[in-house]
Amino acid sequence: AQSVSQHNHHVILSEAASLELGCNYSYGGTVNLFWYVQYPGQHLQLLLKYFSGDPLVKGIKGFEAEFIKSKFSFNLRKPSVQWSDTAEYFCAVTIQTGANNLFFGTGTRLTVIP
Amino acid sequence: DAGVIQSPRHEVTEMGQEVTLRCKPISGHNSLFWYRQTMMRGLELLIYFNNNVPIDDSGMPEDRFSAKMPNASFSTLKIQPSEPRDSAVYFCASSHRVGGRGNEQFFGPGTRLTVL
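Protein chains in written order, with this note's numbering: chain A, 1 to 114; chain B, 1 to 116.
Please keep in mind that the hints were generated in silico from the structure rather than gathered at the bench.
Using N, Cα and C, we set each Cβ at its ideal position, and we do this for glycine too.
Warning: the hint list may mix true and false statements.
Computed list of lysine-lysine pairs in DSBU-like fashion (alpha-carbon distance at most 35 Å, straight line) [said to hold, decoys possible]: (1) B/24 - B/78; (2) B/78 - A/58; (3) B/24 - A/49; (4) B/24 - B/68; (5) A/69 - B/68; (6) A/61 - B/24; (7) A/49 - A/69; (8) B/68 - B/78; (9) A/58 - A/71; (10) A/58 - A/69; (11) B/68 - A/71; (12) A/61 - A/71; (13) A/71 - A/49; (14) A/49 - A/61.
Output of the computed footprint for chain B on chain A, the stretches with three or more beta carbons under 8 Å from beta carbons of chain B [claimed, not checked]: (15) 45-55; (16) 104-113.
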């Protein structure tokens with residue numbers, strides 16, 4: 001069965017620190033990959049997505065992610081975080097030619113200290 | 001585009017009562033998803049529809065939960081009877097499936113359900 005692992009449950013950073021959140025998935029076929037963000041009290045919003053092409057994907061608010069097929073990974077990065085990045089981040093995977101549902105990781109809570 | 005619309009935004013009810021949550025997907029989207037989010041269990045997929053047809057309801061916790069999608073612009077999630085452990089935020093999401101490729105989902109604002 002497909003699964004998505006986010007090993008960091010809670011990350012605490014100071015403003016201007018660099019961020020990298022890990023995401024690994026288990027599926028041998030072609031996948032589409034997503035990162036969603038959920039700000040406190042709000043719904044999930046798309047940060048970025050990868051379908052094909054350049055494995056380095058740039059999203060909104062200065063976030064980027066790199067798809068490394070050999071490692072089944074899609075880590076999220078940001079060079080300098082801000083207090084407003086405090087949120088929960090979800091990695092998700094959908095399988096091309098499969099059902100249309102997303103498989104979500106358990107989420108990583110990011111707390112940025114001013 | 002109004003996005004995914006959910007109602008009510010907040011619902012407080014007593015144990016044993018029937019609860020109906022409503023969702024209007026983005027116009028033109030052909031897939032609709034119901035999720036539940038709690039602190040303990042995180043984000044769980046309850047059921048999803050493609051072209052108004054339920055595809056996978058394996059995430060529906062019990063027979064007390066049921067979902068319908070009578071047309072492309074409306075879906076309901078019903079809990080009858082409700083229990084305190086059903087308290088959660090329920091999200092609806094929609095997407096447009098192109099060919100065989102799963103696409104990004106757009107989430108509604110959620111319904112925060114409290115069962116006393």
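Hint check:
For the hint linking residue 24 of chain B to residue 78 of chain B, the alpha-carbon distance of about 15 Å falls within 35 Å, and the restraint holds. At roughly 39 Å between alpha-carbon atoms, residue 78 of chain B and residue 58 of chain A are farther apart than 35 Å, so this suggested pair is violated. Of the pairs offered as hints, the one joining residue 24 of chain B and residue 49 of chain A holds, with about 24 Å between alpha carbons and a cut-off of 35 Å not exceeded. As the CA atoms of residue 24 of chain B and residue 68 of chain B are separated by approximately 12 Å, the hinted pair is consistent with the 35 Å bound.
Between residue 69 of chain A and residue 68 of chain B the CA atoms are separated by roughly 38 Å; this puts the pair beyond 35 Å, and the hint is violated. Only pairs whose Cα atoms come within 35 Å are accepted, and residue 61 of chain A paired with residue 24 of chain B is accepted, the gap being roughly 28 Å. Between the alpha carbons of residue 49 of chain A and residue 69 of chain A the distance comes to roughly 15 Å, so the proposed pair stays at or under 35 Å and holds. A C-alpha spacing of about 8 Å is found between residue 68 of chain B and residue 78 of chain B, which places the hinted pair at or below 35 Å, so the restraint holds.
Distance check on the hinted pair: residue 58 of chain A and residue 71 of chain A sit about 20 Å apart at the alpha-carbon level, within 35 Å; holds. Simply put, residue 58 of chain A and residue 69 of chain A have alpha-carbon atoms about 17 Å apart, close enough for the 35 Å limit, and the pair holds. Restraint check for residue 68 of chain B and residue 71 of chain A: not satisfied, since their Cα atoms lie roughly 40 Å apart, outside the 35 Å limit. Of the supplied pair hints, the one linking residue 61 of chain A and residue 71 of chain A holds, its CA atoms being roughly 26 Å apart against a limit of 35 Å.
Using a Cα cut-off of 35 Å, the hinted pair residue 71 of chain A and residue 49 of chain A holds, with the two alpha carbons roughly 18 Å apart. At roughly 14 Å between alpha-carbon atoms, residue 49 of chain A and residue 61 of chain A fall within 35 Å of each other, so this suggested pair holds. Closer than 8 Å: that is the beta-carbon criterion, and the segment 45-55 of chain A has 4 residues meeting it against chain B, so the requirement of 3 holds. With 3 residues having a Cβ less than 8 Å from any Cβ of chain B, the segment 104-113 of chain A passes the three-residue criterion, so the hint holds.
Consistency with the previously given hints fails for numbers 2, 5, 11, ordered from lowest to highest.
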